[in-house]
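Following the hints, position chain B against chain A.
Okay, here's what each chain looks like letter by letter:
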Amino acid sequence: MKDLKSPRKIRTADHINNLPKSGIREFFELVIGCDDVISLGVGEPDFVTPWTIRESAIYSLERGHTSYTSNKGLLSLRKEVCKYVSEDYGVQYDAENECLITVGVSEALDLAMRAVIDPGDEVIYCEPCFVSYAAEIAMAHGVPVAIENHEGNEFSLDIEVLKSKITPKTKALLLNFPCNPTGATLSMQQMEDIAEIAIENDIIVITDEIYTELTYEERLNSIASLPGMKERTIFLHGFSKAFAMTGFRIGYACGPEDLIDAMNKIHQYMIMCASINAQEAAIEALKNGRQAMEKMRDEYRERRNLIVKGFNDIGLTCLKPKGSFYVFPNITSTGLTSAEFARRLLEEEKVAVVPGDAFGACGEGYVRACYAASASHIMEALQKTGDFVRRLKQK
Amino acid sequence: MMMKKNILNLLQENARISANEIAARVGVDEATVEEIIKELEQSNIIKGYKAILNEEALDDNSTRALIEVKVTPQRDGGFDRAAKRICRFPEVTDCYLVSGDYDLRLEVKGRSLQEIASFVSGKLATIDGVISTATVFLLKKYKESGKILDDEEEYERLKVSP
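Chains as they are written, first to last, in our numbering: chain A, 12 to 406; chain B, 1039 to 1200.
No lab work stands behind these hints: they were computed from the structure. Take the hints with a grain of salt, since some may be wrong.
As the list claims (entries may be wrong) - For lysine-lysine, the following DSS-like pairs were computed, each having C-alpha atoms within a straight-line distance of at most 25 Å:
{"no.": "1", "chain 1": "B", "residue 1": "Lys1042", "chain 2": "B", "residue 2": "Lys1178"}
{"no.": "2", "chain 1": "A", "residue 1": "Lys306", "chain 2": "B", "residue 2": "Lys1178"}
{"no.": "3", "chain 1": "A", "residue 1": "Lys306", "chain 2": "B", "residue 2": "Lys1042"}
{"no.": "4", "chain 1": "B", "residue 1": "Lys1197", "chain 2": "B", "residue 2": "Lys1178"}
{"no.": "5", "chain 1": "A", "residue 1": "Lys331", "chain 2": "B", "residue 2": "Lys1042"}
{"no.": "6", "chain 1": "A", "residue 1": "Lys320", "chain 2": "B", "residue 2": "Lys1042"}
{"no.": "7", "chain 1": "B", "residue 1": "Lys1085", "chain 2": "B", "residue 2": "Lys1197"}
{"no.": "8", "chain 1": "A", "residue 1": "Lys306", "chain 2": "A", "residue 2": "Lys361"}
{"no.": "9", "chain 1": "A", "residue 1": "Lys241", "chain 2": "A", "residue 2": "Lys320"}
{"no.": "10", "chain 1": "A", "residue 1": "Lys361", "chain 2": "A", "residue 2": "Lys404"}
{"no.": "11", "chain 1": "A", "residue 1": "Lys176", "chain 2": "A", "residue 2": "Lys94"}
{"no.": "12", "chain 1": "B", "residue 1": "Lys1043", "chain 2": "B", "residue 2": "Lys1181"}
{"no.": "13", "chain 1": "A", "residue 1": "Lys361", "chain 2": "A", "residue 2": "Lys395"}
{"no.": "14", "chain 1": "B", "residue 1": "Lys1179", "chain 2": "B", "residue 2": "Lys1147"}
{"no.": "15", "chain 1": "A", "residue 1": "Lys90", "chain 2": "A", "residue 2": "Lys276"}
{"no.": "16", "chain 1": "B", "residue 1": "Lys1076", "chain 2": "B", "residue 2": "Lys1108"}
{"no.": "17", "chain 1": "B", "residue 1": "Lys1147", "chain 2": "B", "residue 2": "Lys1088"}
{"no.": "18", "chain 1": "B", "residue 1": "Lys1085", "chain 2": "B", "residue 2": "Lys1181"}
{"no.": "19", "chain 1": "A", "residue 1": "Lys94", "chain 2": "A", "residue 2": "Lys298"}
{"no.": "20", "chain 1": "B", "residue 1": "Lys1108", "chain 2": "B", "residue 2": "Lys1147"}
{"no.": "21", "chain 1": "A", "residue 1": "Lys320", "chain 2": "A", "residue 2": "Lys94"}
{"no.": "22", "chain 1": "B", "residue 1": "Lys1122", "chain 2": "B", "residue 2": "Lys1085"}
{"no.": "23", "chain 1": "A", "residue 1": "Lys241", "chain 2": "A", "residue 2": "Lys182"}
{"no.": "24", "chain 1": "A", "residue 1": "Lys306", "chain 2": "A", "residue 2": "Lys276"}
{"no.": "25", "chain 1": "B", "residue 1": "Lys1043", "chain 2": "A", "residue 2": "Lys331"}
{"no.": "26", "chain 1": "B", "residue 1": "Lys1043", "chain 2": "B", "residue 2": "Lys1076"}
{"no.": "27", "chain 1": "B", "residue 1": "Lys1043", "chain 2": "A", "residue 2": "Lys32"}
{"no.": "28", "chain 1": "B", "residue 1": "Lys1197", "chain 2": "A", "residue 2": "Lys320"}
{"no.": "29", "chain 1": "B", "residue 1": "Lys1185", "chain 2": "A", "residue 2": "Lys306"}
{"no.": "30", "chain 1": "A", "residue 1": "Lys395", "chain 2": "B", "residue 2": "Lys1085"}
{"no.": "31", "chain 1": "A", "residue 1": "Lys320", "chain 2": "A", "residue 2": "Lys404"}
{"no.": "32", "chain 1": "A", "residue 1": "Lys331", "chain 2": "A", "residue 2": "Lys94"}
{"no.": "33", "chain 1": "A", "residue 1": "Lys331", "chain 2": "A", "residue 2": "Lys241"}
{"no.": "34", "chain 1": "B", "residue 1": "Lys1043", "chain 2": "A", "residue 2": "Lys306"}
{"no.": "35", "chain 1": "B", "residue 1": "Lys1197", "chain 2": "A", "residue 2": "Lys361"}
{"no.": "36", "chain 1": "A", "residue 1": "Lys331", "chain 2": "B", "residue 2": "Lys1197"}
{"no.": "37", "chain 1": "B", "residue 1": "Lys1147", "chain 2": "B", "residue 2": "Lys1197"}
{"no.": "38", "chain 1": "B", "residue 1": "Lys1185", "chain 2": "B", "residue 2": "Lys1122"}
{"no.": "39", "chain 1": "A", "residue 1": "Lys320", "chain 2": "B", "residue 2": "Lys1043"}
The following block holds chain B by itself, in its conformation from the complex:
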């Protein structure tokens, strides 16, 4: 279990790390590492791999928004049924059930502000059980998944010291 956890930590830090490097770092052979990763993938603990982008540096005009959604819970289904329906929209990149004044917190990605607005009014708000929505547009990303995007610049450090 400890070994699995070590490997997951390394992958979470850098999903592109080679099996060879993982093997050397945790002190087992490469074949074992590959086997464990395969097992983690098959048992759905690793759901996928993705890159963290600094979108501002790309010429990408995508827009992101956080949406707070109030939902009437349903008999037998609770919030799950509404949440699952909402998750099916490709615009929704993240969806959480949360404590507090509202129930679901979504992160939504669209090509423009208008696209997100029409998703909210045309699709999201009309779903059965959705009582209200509040949309917050994201202006700038500073940190994602533990990575600070514009981290401190390098400064002159010694190359050799005692």
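Isolated chain A, as found in the complex:
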């Protein structure tokens, strides 16, 4: 009998082995084992998708629309998307050649990375940030270069730090404003400065605009609308947050034809196309969903006031975020680390928030609380968090 060779010990790829474990994942396991949790730990709206949108998804199935669509997505949806982006973001894209419908903005982000990165290229991104960014860059064999944003700067981008991170290998800059988890936004001055740097250094700007509708102060156009920027910007967006459509998994990318073509090449081999029913629901969202979207935004704005005041009253200093549906209170006064704070708050009060270091090392000392939860939910969570913090400070 032949000797059976046992499989080699490490058989997964190096660049995957080297990816850090998602900090959120660990915490998620803890929460799973805990009943009756009041959660401010989610990253999605508590609203159900507006009925008119759900109804058109049902209608899509009723009519028997169960096929593939073109790789780039239904042209009727791309036309609606381009009209929307032109009206709301101030930049004109051609629906035929400059727009691609994806499976959530997550896919669009992955496509953008793979389309532009050669091995060893550097991509600058901001921390604290959505947990996928550094991993997405690394999975595309790029080198993630983090800019750490701080509370003193309202977690917004420091232009001098950005300049200091640029090297001859810098290929792209990833922007995520309004920001998950801090709610920070960019001012027009900052966007102009970034544009100048991007043009001077021939850098591609990838802007993830998933939270832009949820802006509570002055709403600005996209950086892609600035002179000289459309040709070097990939505009990423989707329906998950503004239209409460996370489960539909529908997003899009707009950009110059060569970049969209490259992204579409990957998309066609990998995904083929986004679900037709989700695409048809998305058409309805853009045609008739605005009122519902604005109503949800107004509701978030009020809940933001509630939660910001609540955390500050407890003695955890909390900036008033300008966008998204998260607050990022400072918990250093408790003497606990982010992970300890989140774990003990869960164990002692059954309230779930996400430790800030899950969003990058500079998120240590903070936790993320999502206010896409009902007001009564938020009030109860705040009250329990208050009890917890008072107990800590008594000791």
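Leaving out everything else, chain B in the frame of chain A:
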């Protein structure tokens, strides 16, 4: 005015919301909220507060009906005089002047079908100016004042996500 409207919206959604919560949500102090609510009550913009019930879940055998009423309008009074008389009956919970084939649309509540029938024949139909009535009994309530009574059940949503 915007502030009043915000407060009214919150109260319409949940009349039992505390002044404290309203204050935190709209971004003013509690005393101001209490003052504005008092003002709204005194100026008759807020007429009252009531609970929306799922009566089927109670052991309550009350019966409801919609009644279409045709009325001869009166000189000087139009439909108002008849409408005001009709409104005085406690059985009538809602009363509207409407466009279309008839004039007043009432919602009536009684303990039984017989009680409503005798209200219609004995009282409503005999009022001066009432020409005819058509009664529709309500069988099941699905939605009231914007609240769906038997809304979708909860399903398993993630407690933590990125």
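Results of checking the hints against the structure:
Using a Cα cut-off of 25 Å, the hinted pair Lys1042 of chain B and Lys1178 of chain B is violated, with the two alpha carbons roughly 35 Å apart. Straight-line distance between C-alpha atoms of Lys306 of chain A and Lys1178 of chain B comes to about 30 Å, which puts the hinted pair past the 25 Å bound. Annotation: proposed proximity of Lys306 of chain A to Lys1042 of chain B holds, straight-line Cα distance about 17 Å (limit 25 Å). At roughly 35 Å between alpha-carbon atoms, Lys1197 of chain B and Lys1178 of chain B are farther apart than 25 Å, so this suggested pair is violated.
This hinted pair checks out: Lys331 of chain A and Lys1042 of chain B have alpha carbons roughly 23 Å apart, not beyond 25 Å. As the CA atoms of Lys320 of chain A and Lys1042 of chain B are separated by approximately 21 Å, the hinted pair is consistent with the 25 Å bound. With a C-alpha separation of about 40 Å, the suggested pair Lys1085 of chain B and Lys1197 of chain B falls outside the 25 Å cut-off, and the hint is violated. At most 25 Å may separate the alpha-carbon atoms for a hinted pair to count; Lys306 of chain A and Lys361 of chain A exceed this at roughly 30 Å.
A threshold of 25 Å between alpha carbons decides the hint, and for Lys241 of chain A with Lys320 of chain A the separation of about 39 Å lies outside it, so the pair is violated. At roughly 19 Å between alpha-carbon atoms, Lys361 of chain A and Lys404 of chain A fall within 25 Å of each other, so this suggested pair holds. Between Lys176 of chain A and Lys94 of chain A the CA atoms are separated by roughly 36 Å; this puts the pair beyond 25 Å, and the hint is violated. Only pairs whose Cα atoms come within 25 Å are accepted, and Lys1043 of chain B paired with Lys1181 of chain B is accepted, the gap being roughly 24 Å.
Annotation: proposed proximity of Lys361 of chain A to Lys395 of chain A holds, straight-line Cα distance about 8 Å (limit 25 Å). For the hint linking Lys1179 of chain B to Lys1147 of chain B, the alpha-carbon distance of about 13 Å falls within 25 Å, and the restraint holds. With a C-alpha separation of about 20 Å, the suggested pair Lys90 of chain A and Lys276 of chain A falls inside the 25 Å cut-off, and the hint holds. For a cut-off of 25 Å, the pair hint linking Lys1076 of chain B to Lys1108 of chain B is broken: about 39 Å separates their Cα positions.
A C-alpha spacing of about 16 Å is found between Lys1147 of chain B and Lys1088 of chain B, which places the hinted pair at or below 25 Å, so the restraint holds. Among the hinted pairs, Lys1085 of chain B with Lys1181 of chain B is consistent with the structure: their alpha-carbon atoms are about 22 Å apart, no more than 25 Å. Distance restraint check for Lys94 of chain A and Lys298 of chain A: the Cα-Cα separation of roughly 10 Å lies within the 25 Å cut-off, and the hinted pair is therefore satisfied. At roughly 20 Å between alpha-carbon atoms, Lys1108 of chain B and Lys1147 of chain B fall within 25 Å of each other, so this suggested pair holds.
Between Lys320 of chain A and Lys94 of chain A, the direct Cα distance comes to roughly 38 Å. Violation of the 25 Å bound is thereby established for this hinted pair. As the CA atoms of Lys1122 of chain B and Lys1085 of chain B are separated by approximately 17 Å, the hinted pair is consistent with the 25 Å bound. The hinted pair formed by Lys241 of chain A and Lys182 of chain A meets the criterion: a straight-line CA distance of about 16 Å does not exceed 25 Å. Of the pairs offered as hints, the one joining Lys306 of chain A and Lys276 of chain A is violated, with about 38 Å between alpha carbons and a cut-off of 25 Å exceeded.
Between the alpha carbons of Lys1043 of chain B and Lys331 of chain A the distance comes to roughly 23 Å, so the proposed pair stays at or under 25 Å and holds. The hinted pair formed by Lys1043 of chain B and Lys1076 of chain B meets the criterion: a straight-line CA distance of about 14 Å does not exceed 25 Å. Restraint check: the Cα-Cα separation between Lys1043 of chain B and Lys32 of chain A comes to about 48 Å, which exceeds 25 Å; the hinted pair is violated. Between Lys1197 of chain B and Lys320 of chain A the CA atoms are separated by roughly 24 Å; this keeps the pair inside 25 Å, and the hint holds.
About 17 Å separates the Cα atoms of Lys1185 of chain B and Lys306 of chain A, which keeps this hinted pair within 25 Å; it holds. A C-alpha spacing of about 36 Å is found between Lys395 of chain A and Lys1085 of chain B, which places the hinted pair above 25 Å, so the restraint is violated. Annotation: proposed proximity of Lys320 of chain A to Lys404 of chain A holds, straight-line Cα distance about 19 Å (limit 25 Å). Note on Lys331 of chain A and Lys94 of chain A: the hinted pairing is violated, with a Cα-Cα distance of about 32 Å set against a maximum of 25 Å.
Our distance criterion of 25 Å between C-alpha atoms is broken by Lys331 of chain A and Lys241 of chain A, whose separation comes to about 31 Å. Using a Cα cut-off of 25 Å, the hinted pair Lys1043 of chain B and Lys306 of chain A holds, with the two alpha carbons roughly 14 Å apart. Note on Lys1197 of chain B and Lys361 of chain A: the hinted pairing holds, with a Cα-Cα distance of about 12 Å set against a maximum of 25 Å. Restraint check: the Cα-Cα separation between Lys331 of chain A and Lys1197 of chain B comes to about 24 Å, which is no more than 25 Å; the hinted pair holds.
Between Lys1147 of chain B and Lys1197 of chain B the alpha-carbon distance is near 44 Å, which puts this suggested pair outside the 25 Å criterion. Note on Lys1185 of chain B and Lys1122 of chain B: the hinted pairing is violated, with a Cα-Cα distance of about 29 Å set against a maximum of 25 Å. Pair hint Lys320 of chain A plus Lys1043 of chain B holds up; C-alpha atoms about 22 Å apart against a cutoff of 25 Å.
Figure legend: structure checked against the earlier numbered hints; hints not met, in rising order: 1, 2, 4, 7, 8, 9, 11, 16, 21, 24, 27, 30, 32, 33, 37 and 38.
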